[in-house]
Amino acid sequence: MKLKKIKLLLTLAGLMLVATACGEVVDEESITAVGSSAMQPLVEAAGEQYSAENLGKFINVQGGGSGTGLSQIDAGAVDIGNSDIFAEESGGIDADKLVDHRIAVVGITPIVTPGTGVTDVTLEELRDIFTGKITNWAELGGKDLPITVLNRASGSGTRATFEQWVLGDEKSIVSQEQESSGTVRQIVANTPGTISYVAFSYVTDEVEALSINVVEPTNENVQNNDWIIWSYEHMYTNGEPEGLTKDFLDYMLSEDVQQTLIQALDYIPISNMKIERDVEGNTTPVQ
Amino acid sequence: MKEIHGDFSKKSKKRKLESFGRTISFVCIALIVLVVLSILYFVISKGVSTFFVDHVSLKDFLFGTLWRPGEVGEDGNPLVGALPMIVGSFGVTIFSAIFATPFAIAAAIYMVEISPKTGKKILQPVVELLVGIPSVVYGFIGLMVVVPTIRSIFGGTGFGILSATLVLFVMILPTVTSMAVDALQAVPRHYREASLAMGATRWQTIYKVVLRAATPGLLTAVVFGMARAFGEALAVQMVIGNAAMMPTSLITPASTLTSILTMSMGNTVMGTLENNVLWSLATILLIMALLFNILTRWIGKKGAMNK
Amino acid sequence: MNPKKADKIAVGVIYMMSGIIVLILASLLLFILWRGLPEISWEFLTSPSKSFQVGGGVGIQLFNSFYLLILTMLISAPLALGAAIYLSEYAKKNWVTDFIRTAIEVLSSLPSIVVGLFGFLIFVVQWDFGFSILSGALALTIFNLPLLTRTIEDALQTIPATQREAGLALGLSRWETVTRVILPAALPGIITGMILAAGRIFGEAAALIYTAGQSAPALDFTNWNPRSITSPLNIMRPAETLAVHIWKINSEGVMPDGTQVSAGASAVLILAVMLFNLVSRYLGKKIQKKITSA
Numbered sequence: 001m002k003l004k005k006i007k008l009l010l011t012l013a014g015l016m017l018v019a020t021a022c023g024e025v026v027d028e029e030s031i032t033a034v035g036s037s038a039m040q041p042l043v044e045a046a047g048e049q050y051s052a053e054n055l056g057k058f059i060n061v062q063g064g065g066s067g068t069g070l071s072q073i074d075a076g077a078v079d080i081g082n083s084d085i086f087a088e089e090s091g092g093i094d095a096d097k098l099v100d101h102r103i104a105v106v107g108i109t110p111i112v113t114p115g116t117g118v119t120d121v122t123l124e125e126l127r128d129i130f131t132g133k134i135t136n137w138a139e140l141g142g143k144d145l146p147i148t149v150l151n152r153a154s155g156s157g158t159r160a161t162f163e164q165w166v167l168g169d170e171k172s173i174v175s176q177e178q179e180s181s182g183t184v185r186q187i188v189a190n191t192p193g194t195i196s197y198v199a200f201s202y203v204t205d206e207v208e209a210l211s212i213n214v215v216e217p218t219n220e221n222v223q224n225n226d227w228i229i230w231s232y233e234h235m236y237t238n239g240e241p242e243g244l245t246k247d248f249l250d251y252m253l254s255e256d257v258q259q260t261l262i263q264a265l266d267y268i269p270i271s272n273m274k275i276e277r278d279v280e281g282n283t284t285p286v287q
Numbered sequence: 001m002k003e004i005h006g007d008f009s010k011k012s013k014k015r016k017l018e019s020f021g022r023t024i025s026f027v028c029i030a031l032i033v034l035v036v037l038s039i040l041y042f043v044i045s046k047g048v049s050t051f052f053v054d055h056v057s058l059k060d061f062l063f064g065t066l067w068r069p070g071e072v073g074e075d076g077n078p079l080v081g082a083l084p085m086i087v088g089s090f091g092v093t094i095f096s097a098i099f100a101t102p103f104a105i106a107a108a109i110y111m112v113e114i115s116p117k118t119g120k121k122i123l124q125p126v127v128e129l130l131v132g133i134p135s136v137v138y139g140f141i142g143l144m145v146v147v148p149t150i151r152s153i154f155g156g157t158g159f160g161i162l163s164a165t166l167v168l169f170v171m172i173l174p175t176v177t178s179m180a181v182d183a184l185q186a187v188p189r190h191y192r193e194a195s196l197a198m199g200a201t202r203w204q205t206i207y208k209v210v211l212r213a214a215t216p217g218l219l220t221a222v223v224f225g226m227a228r229a230f231g232e233a234l235a236v237q238m239v240i241g242n243a244a245m246m247p248t249s250l251i252t253p254a255s256t257l258t259s260i261l262t263m264s265m266g267n268t269v270m271g272t273l274e275n276n277v278l279w280s281l282a283t284i285l286l287i288m289a290l291l292f293n294i295l296t297r298w299i300g301k302k303g304a305m306n307k
Numbered sequence: 001m002n003p004k005k006a007d008k009i010a011v012g013v014i015y016m017m018s019g020i021i022v023l024i025l026a027s028l029l030l031f032i033l034w035r036g037l038p039e040i041s042w043e044f045l046t047s048p049s050k051s052f053q054v055g056g057g058v059g060i061q062l063f064n065s066f067y068l069l070i071l072t073m074l075i076s077a078p079l080a081l082g083a084a085i086y087l088s089e090y091a092k093k094n095w096v097t098d099f100i101r102t103a104i105e106v107l108s109s110l111p112s113i114v115v116g117l118f119g120f121l122i123f124v125v126q127w128d129f130g131f132s133i134l135s136g137a138l139a140l141t142i143f144n145l146p147l148l149t150r151t152i153e154d155a156l157q158t159i160p161a162t163q164r165e166a167g168l169a170l171g172l173s174r175w176e177t178v179t180r181v182i183l184p185a186a187l188p189g190i191i192t193g194m195i196l197a198a199g200r201i202f203g204e205a206a207a208l209i210y211t212a213g214q215s216a217p218a219l220d221f222t223n224w225n226p227r228s229i230t231s232p233l234n235i236m237r238p239a240e241t242l243a244v245h246i247w248k249i250n251s252e253g254v255m256p257d258g259t260q261v262s263a264g265a266s267a268v269l270i271l272a273v274m275l276f277n278l279v280s281r282y283l284g285k286k287i288q289k290k291i292t293s294a
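Protein sequences, first through last, are from chains A, B and C. The UniProt record's numbering numbers the first residue of the first sequence as 1 and each following residue consecutively. The UniProt record's numbering numbers the first residue of the second sequence as 1 and each following residue consecutively. The UniProt record's numbering numbers the first residue of the third sequence as 1 and each following residue consecutively.
There may be inaccurate statements among the hints.
Here are the simulated DSSO-like pairs of lysine-lysine, each with C-alpha atoms no more than 27 Å apart in a straight line [what the hints assert, rightly or not]: (1) B:Lys121 with C:Lys285; (2) C:Lys93 with B:Lys14; (3) C:Lys92 with B:Lys117; (4) B:Lys120 with C:Lys93; (5) C:Lys285 with A:Lys246; (6) B:Lys16 with C:Lys285; (7) B:Lys208 with C:Lys50; (8) B:Lys301 with C:Lys92.
Chain B stretches covered by chain C per the calculated footprint, using a threshold of three residues with CB under 8 Å from any CB of chain C [stated by the list, open to error]: (9) 52 to 58; (10) 240 to 250.
To give a feel for the contact side, a few chain B residues facing chain C, derived at Cβ under 8 Å [as the list claims (entries may be wrong)]: (11) Glu18; (12) Pro134; (13) Ala233; (14) Ala282.
The hints are simulated quantities; they were obtained by calculation from the structure and are not laboratory data. Here the structure is a predicted model, which is why all the values come from computation and not from measurement. Heads up, the beta-carbon is just placed ideally off N, CA and C, and yes, glycines get one too.
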């Protein structure tokens, strides 16, 4: 009885495989983009829009983290590798053969639990908090409440950017770590006295964004580099892109996506940037 | 004459069917073993490259307390001490097993010995249902309910081994309970009848006969629960705080092997030390699974001898 | 202490502890349902998800979860059955069998993230299946096999040896005894094992993140050509399941109503597992009736 059923099921499975093999060939094409989980919603939305406009072309977008994106594009296993950081900054990657396509800019801001009594800090104070020299909000004129530092996982693009521009050469204290921006926001929202950092798009009413040296974390301030904690969103290809990959990257950079989708998701269109920054952090004005 | 001889020397239809069945079932088991071996090879070969390719000493890895992959210490060796995670993993595993075991055994006794009818009707479906709750949901309930509760009772941030223990306790309960039920059910009926016939009370029968006879099975259940707790990642990661430092109390943020493993895997590049050392953590997990296994086997054998 | 008194106390304690378990579990379920049920509507269950706007549903994820579950079961159930039959009926008590059992148990205690990464490097990258249902089903098979094999073996072992002897005495071969006598008798146990396994598969996220993928391309439910990417039947398309969707929303989701969607999706997941349990139970009873009456 059971065996018969299993046999039947197996036959069905076999038929399905045969059907897969013999089904009529459809004129479809797809590419895979893997990497930064922060970039996934953006690329996914753009991919859907692209597929709607170009029938039969599919953009398959997966997360997995910037490290995964870079190693997979380096190995040539995918068509596009999404990353929040420069390939050069990551060890073990042959950055020379990768071609960088910067599609957007994202600002990163420190966030705290509402009710600490502090809304503005200097860059030095922020550094001292993350290196453990300041441990109570009272030292910054706030409430007498111990500071809990919450970091993103080491190697995360957001953390790398934050540490590059806030900590410089110094090292963060060993602290709590979380893997994703969503969890970070939730913990900061619910745990009194906690400080962490997220991309602008994750800031909601539940948490309070700090201004630094009285500069507010806004897209305008990022565009002219008054707010220095920001990073590019890279889409790397292995060699010059061709075919569908090239077409899709062009689409990402088209005015259509840049001025609507990218802004809707709280990213900054690459064309709005007044300055350009290289791996070492040197800036040059955009002509 | 020849025909008869042929009939005897030819395999009968039955013999053919028999060897066919035997072969099929053997192929299945061989396939599974092959998969296991290839996973073992895959994990371990990556795990040992920390020591052979990147030349980290095993002692620094197992007993070092500083976990900052990518940075080197004063002596020029990478800071990849995994002790904080090892302690964290053992902590949550042992504590959650201590919490879960009595409850699971009690529930199993209830379902098998005391009231099989209500047990089957209420407890069993609920237990089976709970297996299906994804760990990420457990994690979020932990983050929303358990962590704030711990914070308001004990102070601190609420993240730590205690919160992780409570979440894991609920998570491994269904596994341990359903296996404990199997273990109790496997005890032959006549054991109970003999004991009751000799005038023992129900509890005496349960305690002195059924539980004793089921000990190896119960231990397997607990070890399975412990193995699940040891390997659980997503839920623990949300409530333990993931601070790679030696836990000083049950309510300070800590980390486990799995929480660090899951958290960092996507952010590291294959083939680098930062990535290899994560596979070394996975290798520890494997070795632990093996040790758990050997332990049950040993206890099972001892139990069998004492009978 | 008086044994009668001890009996009463012990039984009381057991009642209390069982009560606590039911209480914890019931409040857990109620909590999930109470948060999620208000979000569930026909539209929520059928519409595709949105990546950053309000009003996304879980239609495709729900379909993917069931499809993946069926495929995984198709691959793993026969394998586990064969393996369990070997272990229970053919294996001799020697070191090889011991080794096999140890191997299976080690596999079962592997963290699912390791299984997922193994699947990623082997199925997705090495075998070039890409992020697909097929890769996901294979990874889930690895994840599922040990427990399923074990529970089926346990179910087979509960059948008394007398049944086997009776079969053999009637001149049946060992294999025939297994298929005609032991399997039908063990069927209810096997089905329970499969339900438990199905529940685990349904809720698994970590093993799928890197294999079946985290995106659910729009499906065209009128397209049944299995080679087309929009066809629901295609096993080479990426397929985010319900559990993965919950994980994704909670970790990096930017939709404004993420909390509600995740609460709703969790409730749907629980309800699906519940429904699944009920149906399998009903089928199990029916099958047993058919066998015992025949």
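Each hint tested on the structure:
{"no.": "1", "hint": "B:Lys121 with C:Lys285", "result": "holds (14 Å)"}
{"no.": "2", "hint": "C:Lys93 with B:Lys14", "result": "holds (25 Å)"}
{"no.": "3", "hint": "C:Lys92 with B:Lys117", "result": "violated (37 Å)"}
{"no.": "4", "hint": "B:Lys120 with C:Lys93", "result": "violated (34 Å)"}
{"no.": "5", "hint": "C:Lys285 with A:Lys246", "result": "violated (58 Å)"}
{"no.": "6", "hint": "B:Lys16 with C:Lys285", "result": "violated (34 Å)"}
{"no.": "7", "hint": "B:Lys208 with C:Lys50", "result": "violated (59 Å)"}
{"no.": "8", "hint": "B:Lys301 with C:Lys92", "result": "holds (17 Å)"}
{"no.": "9", "hint": "52 to 58", "result": "violated (count 0)"}
{"no.": "10", "hint": "240 to 250", "result": "violated (count 0)"}
{"no.": "11", "hint": "Glu18", "result": "holds (4 Å)"}
{"no.": "12", "hint": "Pro134", "result": "holds (4 Å)"}
{"no.": "13", "hint": "Ala233", "result": "holds (5 Å)"}
{"no.": "14", "hint": "Ala282", "result": "holds (5 Å)"}
In this structure, the hints that do not hold are numbers 3, 4, 5, 6, 7, 9 and 10, in rising order.
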